[in-house]
Amino acid sequence: MTHKNVHTVYAFALSASVTVLFIAVLTIWADLYAPLKDWLKTMFTHHWIGKSVLSAALFLILGGMIGLMVSKPDENKIATALWILVGASIVSTLAIWIFYLIEAL
Amino acid sequence: MNTLTALNLVLHIVFGLLGVMAIYSALVVLMKERPSVGFLRFLSVSGLLFMLLAWITGGYYYTTYYGSAVKPIIKAGQFSWAHTLIMEAKEHTFLLLPFLVAVLMLGVLLVNSSLLNDPRVRRPLAALAGVAFTIGAIIALAGVVISGAVR
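Note that the protein sequences, when read in sequence, are chains A and B. The first sequence begins at 1 in my numbering and counts up one residue at a time. The second sequence begins at 1 in my numbering and counts up one residue at a time.
Which residues of chain A face chain B? A partial, calculated answer using Cβ under 7 Å:
#1 5
#2 9
#3 20
#4 27
#5 46
#6 55
#7 82
#8 86
#9 89
#10 96
#11 100
Which chain B residues stay away from chain A? Per the calculated CB distances, all over 12 Å, these:
#12 7
#13 10
#14 72
Which stretches of chain B does chain A cover? Using the computed rule of at least three CB atoms under 8 Å from a CB of chain A, they are:
#15 93 to 100
#16 105 to 119
#17 127 to 135
Keep in mind the hints are simulated off the structure, nothing from the lab. The C-beta atom is built at its ideal place from N, Cα and C for all residues, glycine as well.
In isolation and in its complexed conformation, chain A is listed as follows:
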């Protein structure tokens, strides 16, 4: 594997971990704090579009920045980054479902 490829997989796995947690935080925060949801609607015409655009931008920008900063991650580091993403995804999914379950009760 070339270093460039290692960088890319590692950087975007970490970036995706932050992004999925960001989605859960933004979702819950916007539901609890009306001015944030209103701002998303004003800026992006719909709060869901705002969340989509912001999360995609975060994923791409953060992935690029991490790729520039990290030097020579090996296979073990890539594996760790992928496991972190798996964990972050489970936490985010549960957070969103539990939040709306509580809201619906």
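Following the hints, complete the assembly by docking chain B onto the known chain A.
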């Protein structure tokens, strides 16, 4: 519902299901000790493509039709939780999927064949495909519940 919106909804469902099928197939291939790299790459690229198309078509339906025409009917009916719990959770957990599948695709495309046979890399990629498939399957079932609640 006009023809364009109906077509858009059908495409959203078809793209979403094809995406989930591609991710599930990638999971099955990644669980083998010696995965077929070419097939895996085809599945991961297809999975991301279908997820992006489902994102666009679903987003169009949700932002232009669901809120004004479907949501009020569900909320006024006896299954209002189908919106307040199922739809709210569905529309937001969906946002995770494109990023999970994008990283899956990068991992499959950018590591060489011998590394895809290395359990240190293959197992977390399989776990990632497993999580993405599980979320996708839950979202698909949520769509069935929402469709049922509006009738």
